[in-house]
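A.B. asks: We have chain A; now place chain B onto it with these hints.
Each chain is listed here by its residues.
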Amino acid sequence: MVTTPWRRALMVQRIAFVGLGLATLCAVLPVIVVIGTILMHGAGALSWNFLTTMPTQGMRAGGIFPAIVGTMELVGLTIVVALPMGIAAAIYLTEYAADNPLTRLIRLAIVNLSGVPSVVYGLFGLGLFVIFCRFGTSLLAGALTLGIMILPVIITASEEALRSVPKSFREVSLSLGASRWQTIQHAVLPFAIPGMMTGAILGISRAAGETAPILFTVAAFYLPRLPHSLFDQAMALPYHLYVISTQIPNIALSQRYGTALVLLLLVLSLNMLAIILRARFRRKRQW
Amino acid sequence: MSWQRWRERGIEGLIALCGLSSIAIVTLIFIFLLKEGVGLFHSVSLGHFLGGQRWYPISEPPLFGTLPLLLGSCVVTLGAVALSLPIGIGSALFVSEIATGWMKEVLKTGIELLAAIPSVVLGFVGMAVLVPTLKHAFHLATGLTALTGSITLALMAMPTIVSITEDALAAVPRGYREGALALGATRWQFMSRVLLPAARPGILAATMLGIGRVIGETMAVMMVTGNAAVIPHTMLQPVRTMTATIAAEMGETVRGSDHYFALFAIGIVLFVISFAINVVADVFLHQERT
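So the sequences go chain by chain: A and B.
When we follow our numbering, the leftmost residue of the first sequence carries the number 1, and every step to the right adds one.
When we follow our numbering, the leftmost residue of the second sequence carries the number 1001, and every step to the right adds one.
For reference, chain A alone in the conformation it holds in the complex (with noise of 0.2 Å):
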């Protein structure tokens, strides 16, 4: 057989394009063996108790009930603190600003927000809302430091939506007469608010999973009682699970499994719903 420099050619190919499926497996397959792992040994511990009692003997026992309610407590509160703030923006980033400096400077701003490791959030919220503003230890310390860390996954998203709506809906608005602010109101916000939910999604799923950030701004270690003020600590589900996998010595696997799941599940069902609500919104637009 006559080895033509095209016939090497493409067999180099063949084996090229299997070292490349290969490679696309080692960055697949982790997540499945992830997912599966705390699935196959973490169904077991999911019971109504374990997620509507307290923990007991010390968190070697029982359910994990305030860190449940302890990070929605802490999530919502984190949207409301980002989500204005994000959008608004982003509005001013699509809507109003001109190509200039500043305006380099407040994008260059927020790339760098978003690469601030997560531990340096919890030092600034340590230093700026616990001690500065007198805050203390607390939810509201913990939202606005998880709402400043997500502030550029809000923006980033809330912007495409603005992007996405067409220049001729603004053109056709002004033209009618409408002020700037009536045809963002009027003409360009409703259709992009399916954009927005989705970057509010990611963002409320990346602070339910933070743990670094909470630290030392909210995380209580073991508080066998919902919080009952803003300026109350509280438990949170990933600073939970560190705990318990990490201080706790002898404790029940499944307990450490069960809490993994009911954060990953949480999570994961949250990044879904962003990702089935994005395909959507992009397969619906009519223009």
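Quick caveat, the hints were computed from the structure, so don't treat them as lab data.
All residues carry an ideal CB built from backbone N, CA and C; glycine is no exception.
Fair warning: there could be bad hints in the mix.
[Said to hold, decoys possible] Over 12 Å on every C-beta distance to chain B, these chain A residues come out as not near it, computed from the model:
{"hint": "1", "residue": "30"}
{"hint": "2", "residue": "164"}
{"hint": "3", "residue": "197"}
{"hint": "4", "residue": "227"}
[Claimed, not checked] Some chain B residues well away from chain A (every beta-carbon gap over 12 Å; in silico):
{"hint": "5", "residue": "1056"}
{"hint": "6", "residue": "1074"}
{"hint": "7", "residue": "1091"}
{"hint": "8", "residue": "1099"}
{"hint": "9", "residue": "1115"}
{"hint": "10", "residue": "1248"}
{"hint": "11", "residue": "1264"}
[To be verified] Derived DEER-like restraints, expressed as beta-carbon distance ranges:
{"hint": "12", "chain 1": "B", "residue 1": "1078", "chain 2": "A", "residue 2": "49", "range": "45 to 51 Å"}
{"hint": "13", "chain 1": "A", "residue 1": "37", "chain 2": "B", "residue 2": "1105", "range": "47 to 53 Å"}
{"hint": "14", "chain 1": "B", "residue 1": "1047", "chain 2": "A", "residue 2": "254", "range": "46 to 52 Å"}
{"hint": "15", "chain 1": "B", "residue 1": "1014", "chain 2": "A", "residue 2": "22", "range": "50 to 56 Å"}
{"hint": "16", "chain 1": "A", "residue 1": "84", "chain 2": "B", "residue 2": "1106", "range": "34 to 40 Å"}
{"hint": "17", "chain 1": "A", "residue 1": "53", "chain 2": "B", "residue 2": "1129", "range": "36 to 42 Å"}
C.D. replies: Leaving out everything else, chain B in the frame of chain A:
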């Protein structure tokens, strides 16, 4: 001016304020890190802080040398990037050039979900699965090593690297592909000799951002690297990173003590590193667009 006009002015003012908020926040982060961290340098010199080989924050007298922590972060990060870069670029090529239809969607979703898994969950699975595996495979006293951290963090860097590389590949002009294929190149020849070189700035940016993601990661790395603050010599020994030091020790410090200041000073180092990485990556990304 009418009431309505005033109201609009007010709203637009608020919007502009929110637009500027990100600059304000970055500045505030820097100011507050400095404010809380600078106290350390009344008693410890900068040279000793960055170059000291011993981190004994609670011994008497305390030693605040961060070199072991800095090197710990570097070793774990280098290992993670060495693992995730080839895999990430390979996956990006596969997803954007080879996979089609439902397979493409499934792979994309899978990689996106990898990004969504909270770091504490990855750390937990790393502890449960990876640590014992490595311990047996290399006959170690403990499976909590720099390599364990690198593997876990490689998973966290992967989605960043894949998605930015994909963007970079998509930004390569169509004409390049048509030209190469018309000249008789195979698809792989086109990918390896035209596509990848043309997307190089974007791939460099992806690498930088992957490094940024890894070096700032806290929970997973704290759970699987063993947290021994010694200068690492191999990948198979426990190390401690800068991030893990802050997270593990802040709870035990007294506010206003040198130890407390030192942890904020480490925060400043991390902030400066991430700032530099993001600015450089941004430059690469702009290069790609022009």
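A.B. asks: Against each hint, give a clear statement of whether it holds in the structure.
C.D. replies: Hint by hint, here is what the structure shows:
1. 30: 5 Å, violated
2. 164: 17 Å, holds
3. 197: Consistent with the label, residue 197/A stays out of reach of chain B, its closest Cβ about 17 Å off (over 12 Å).
4. 227: 19 Å, holds
5. 1056: 21 Å, holds
6. 1074: 15 Å, holds
7. 1091: 4 Å, violated
8. 1099: Since the minimum Cβ distance to chain A is about 8 Å, residue 1099/B lies within 12 Å and the statement is violated.
9. 1115: 9 Å, violated
10. 1248: The claim is violated: residue 1248/B sits with its nearest Cβ about 9 Å from chain A, within 12 Å.
11. 1264: Given that some Cβ of chain A is not farther than 12 Å from that of residue 1264/B, nearest at about 6 Å, it is violated.
12. 1078/B x 49/A: 45 to 51 Å: 46 Å, holds
13. 37/A x 1105/B: 47 to 53 Å: Check failed, 25 Å falls outside 47 to 53 Å.
14. 1047/B x 254/A: 46 to 52 Å: 51 Å, holds
15. 1014/B x 22/A: 50 to 56 Å: 52 Å, holds
16. 84/A x 1106/B: 34 to 40 Å: Since the Cβ atoms of residue 84/A and residue 1106/B sit about 36 Å apart, the hinted range of 34 to 40 Å holds.
17. 53/A x 1129/B: 36 to 42 Å: Because 29 Å falls outside the window, the suggested range is violated.
Hint compliance for this structure: hints 1, 7, 8, 9, 10, 11, 13, 17 are broken, all remaining hints hold.
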